[in-house]
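Note that the sequence shown covers residues 1 to 154 in UniProt numbering.
Careful: at least some of the hints might be erroneous.
Unchecked claim - Computed list of lysine-lysine pairs in PhoX-like fashion (alpha-carbon distance at most 20 Å, straight line): (1) K95 x K147; (2) K150 x K30; (3) K54 x K147; (4) K30 x K147; (5) K54 x K95.
Since the hints were derived computationally from the structure, they do not count as laboratory data.
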Amino acid sequence: MSKKPKDLPAVGWRELVHLPELGLHAVPAKIDTGARTSSLHGTVLEEFERDGEKFVRFAVDFERQHVRQVCEAVHVDIRGITSSNGETQRRYVIKTPLRIGEVEFRAEISLADRRDMRFPMLIGRSSLRRRFVVDSGYSWLQTPEMKVKKGHKP
């Protein structure tokens, strides 16, 4: 039986999240219950096989810090994902551990060009389901290194 909503930890509308197997830590993420799939800003560099399993190598650019992190992850699928503007794009979907606060789980994440977006990562409802409740009136509820903020102002 799943936990009752009051027993689940709350996330705010933005959090710093961690993708430990990718070497990505404190990634700013927007919590978006309107999106089904989580999404990460990444540029696919190549597909390859390792021990009979499909992988994808991709680059995550943090332009503000002038940093490029090259990552590898199990390539689960290529899917048509409908973006917020209603356009369907074919995207690589990876599966990797994701940690929000003290909760770590394997998540499916699509790789997308999010360079024009404010957050390099978006956490969709599939990752939130039965793990968190969302309190959209706050930020950083699962990010101890940040001061909890009330309201929606960045």
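Could you work out which earlier hints the structure fails to respect and list their numbers in ascending sequence? Result: hints 1 and 3 break, sorted rising.
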